[in-house]
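Asker: Okay, here's what each chain looks like letter by letter:
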Amino acid sequence: MTSGGIWFRLANLDRRWVYLVIGIVTFLPIIFYIGVPVSITPEVQAVYRKIDSLSPGTVIMVPMEFGPSTMAELEPMARAVLRHCFSRDLKIISTALQIEGVILMEKVLRESAAEYGGKYGEDYVFLGYKPYPDIVILNMGENFRKPFPRDYYGNNLDDLPMMNGVANYSNTACIVNINSTSGVDYWINYANGRYGADLALGVTAVIATDYYAFLQSNQIFGLMGGLKGAAEYERLIGRRKDIANRSMTSVSVAHLFIILFIVVGNFAYFINRGKGRA
Amino acid sequence: MEFTLGQILWMTVAVFLTLCIFSFLYKDNPFYTFAEHLIVGISAGYWIAILYHTSLTDLWIEPLVDSFSALKDIEGATAGKIGMIIVNILPGAIGILMLSRFFKKAAWISRWPIAYYLGVSAGVAFPLFLQSFVIRQVAANMIDPSAMVGTMRSDLTVLYHYGNSTLLFWQGLGEIIIVFGSICGLAYFYFSAEHKGILGGAARIGIWILMIGFGATFGYTVMARVSLLIGRFNFMIDWVSALSEYFRA
Chain A
1 MTSGGIWFRL ANLDRRWVYL VIGIVTFLPI IFYIGVPVSI TPEVQAVYRK IDSLSPGTVI
61 MVPMEFGPST MAELEPMARA VLRHCFSRDL KIISTALQIE GVILMEKVLR ESAAEYGGKY
121 GEDYVFLGYK PYPDIVILNM GENFRKPFPR DYYGNNLDDL PMMNGVANYS NTACIVNINS
181 TSGVDYWINY ANGRYGADLA LGVTAVIATD YYAFLQSNQI FGLMGGLKGA AEYERLIGRR
241 KDIANRSMTS VSVAHLFIIL FIVVGNFAYF INRGKGRA
Chain B
1 MEFTLGQILW MTVAVFLTLC IFSFLYKDNP FYTFAEHLIV GISAGYWIAI LYHTSLTDLW
61 IEPLVDSFSA LKDIEGATAG KIGMIIVNIL PGAIGILMLS RFFKKAAWIS RWPIAYYLGV
121 SAGVAFPLFL QSFVIRQVAA NMIDPSAMVG TMRSDLTVLY HYGNSTLLFW QGLGEIIIVF
181 GSICGLAYFY FSAEHKGILG GAARIGIWIL MIGFGATFGY TVMARVSLLI GRFNFMIDWV
241 SALSEYFRA
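Chains A and B are the protein sequences, given in the same order. Quick note: the first sequence uses my numbering, first residue 1, plus one each step. Quick note: the second sequence uses my numbering, first residue 1, plus one each step.
Pulled out of the complex, with its shape left as it was, chain B reads as follows (with noise of 0.2 Å):
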């Protein structure tokens, strides 16, 4: 591949960005400040220049003109036309109210807004989040035990006989272990009765379930934290050989 004077600077400056975060693993320092800085502010300048061309020009700014161009056609309802403006310009009085925040006294009218998106966010996500994140999590709890024995014991059978087997027995078992721990977990979060007895066993269970989920989650985090590492270790090889491969043509 060849590469440009433009692309060898942009990437010497995105390798001496990278060196500036990791220099932090030695103790904060100014290098390190400033490029964390610079994201923040880019960060910020790059969100605004985004929304603008891909949001507020084609779902705001371009419907409102055409609506308002309606106006000038002969064909069609006056009354049509100009609900269609009111419809167009709602969503963008909505959204400018948002910056009385920065006058002290009407600060207050922000809050339309945000509660109008809070009323519509939670009204739409409340009774699916309800199926999606409960009933189905505990459909899929409820299994039928003597289908799920009778299929782990002919698996066994098929295996004893046949010295093959399709796993079925180490699924159900899973099935078993999932069932069990979701009881236990949730009996750890129980806190209506003393953790003694049943319940207090059944909690010491929940608890190792629940670490041995967080260390899951651990043994995961630990590999996504190495993957970035190793992205910008491939990056900074990549910038050498771009670097030779420039100077050398």
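Just chain A, same shape as in the assembly (with noise of 0.2 Å):
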């Protein structure tokens, strides 16, 4: 370590120092914020234009399944996603079917609608949580009374003004999940495969990938990803300095870093095994 050069010393460098500097580097922009330039891109603005088509009054359905381990990435969507139906008018139906997030995601919900003064029962439903999804996606396809005899807060559906008439995903004009899980697949298989729902996603950034798939076969119409997707969609309801646009400039900032390290990391590799000391 302490003999063989910069990069002998460079390849063998301590982890700790990488987290430190990544740690440095990422904070640092929170609290001297610049803005960088986000960019939209049609699989989010698919999402903004299919919300923002529907009149006042339709109503559409919001399942959320993040826990406090995602909420990071997924609180910012679901808030941006939630603010601009609100601002439409758009009746929405929630359910929480990721068990660690039923309150965090209960919480999004009742501040985002007080924002827009939407009222429980008249403007949105929550109907919390109930284990097994697959099971769960498929029943509230036949009827959502079914699985949610009572919603969370333990009133009868049938008591809630908004649910008149409304039974299953016929009656929503579509749904947008925002989900950190493999529950995802549930929605497409049962939700659109099954019953043939309007579906689009909200992801984190590590399974976003996994699901342009589905938006090439138009079995969804839309996709986020991660707290990226987030602030293109801040941008699109004009809330360029919510907590995701902030964010970006961190994101931006550590990526450049841990570029810098990856590229400075190989070159250390292969002068070294030049020099026959890898």
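Within a straight-line C-alpha distance of at most 20 Å, the following computed SDA-like cross-link-like pairs (lysine to any residue) qualify: (1) B:Lys27 with A:Leu20; (2) A:Lys107 with B:Gly6; (3) A:Lys146 with A:Asp134; (4) A:Lys146 with B:Val65; (5) A:Lys119 with A:Gly154; (6) B:Lys81 with B:Ala70; (7) B:Lys27 with A:Trp17; (8) A:Lys146 with B:Leu90; (9) A:Lys241 with B:Met236; (10) A:Lys146 with B:Asp58; (11) A:Lys107 with B:Met11; (12) A:Lys107 with A:Gly154; (13) A:Lys107 with B:Thr4; (14) A:Lys241 with B:Phe233; (15) A:Lys107 with A:Arg83; (16) A:Lys107 with B:Trp47; (17) B:Lys196 with B:Leu210; (18) A:Lys107 with B:Asn234; (19) A:Lys107 with B:Asp238; (20) A:Lys50 with A:Gln216.
Source of the hints: derived by calculation from the structure; they are not laboratory data. Nothing here was measured: the structure is a model prediction, and the numbers come from that model.
The two chains are supplied separately, each in an independent frame; assemble them into the complex guided by the hints.
Answerer: Dropping the structure here:
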């Protein structure tokens, strides 16, 4: 470690230095904010256009499945989509089929509704959690009342004015599923595949690439991937200073440094290999 | 926003636990182990509470109680009411069989509910999965080459004559790459013949296509992890401002 020149030392650098540098370069842009351009992709725009085209009073489903470990990515996305829906006076049905995040999702929905004066039972309904998402999604295709005889707050669904005449997916204009789990497959398979519901996805960046194939095959009409997808949606609804957009500078700077580390690491590796030290 | 003392305390606990988890980046330590064990324990307790309130009560206990109460009604056939009781008892009874795992001699009975669930799930899922994840994906790759080339050519003609285009050329080229890439990717996973000649060439292109796919996934994964870090930083910044607001008030 002490001998062998700078490239040898770099190739054997303690990884904690890398963590420290990434931590610093991620933290500083949050404090000293500089905006970065965020290009709008067609797949995010498709979600925006669909929601924007719906007439006030239309029922839309925004099921949310994320927990504390993925809320950094999906909470801004959920808020952006919900704000758009509430600003357009759409009626929202939401579920939380991921157990860790039930309270989080209820909070996101309640707070977003409050911003636009949305009333529970009239403008939005939160059905909450039920186990086995595949069975729940299948059952909702028959009738929301089958897996959810009552909503999250214990109300009978028939007592909620918004649910009058709303039986299943066919009574909703589309589904925008914001999801961090492999449960996305169930929505594609059952909600779209079995019941033909118009489906769009908002997923974590880790799984986003898996779902581009479904965009190409028209099984989903839109796709939002990770914090970038959230930032794009915030821009589309004219909220450029919201959390996802403010975080994009940190993302960009951190990416630059990670690329730099990869280049330097590879360079050091090949130089050391050339000298027979790898 | 005004914060209560309770909110400030809980936020402080959350910040402390975040730092405990971050401390693992330096090296494994008792603070990290404490936070790790705490989350496992709390998750288990939280799951039980949520499952009890959102599932066990309104999907089993209440319908069961209702079906017993229905027995008291004069109206309706008794046979039907007893039938409903049996229907409502069955799911619970099957579920209770899972608890047989705690008894060594009877542990094998727990396989029955698992077999029931897996059987139903597989039966329902299989045809739909085949439809959604195989047939529709294959169908999306079946394009009419002559129509696509025609569209691409007309797009280039518009670009040449009028100086603008509808970008159908690039869209068409993208579709050709998708079809070609899918075939080459599949060729790489075809092991019944030696990877030589045309198959070998296609397999080599296939591995490049796969690597590009993995690269895109890696890039997205990095963004996801950085996003989580940003989320924690934002929370800690919120905590500092909440703390200063609380003590200033």
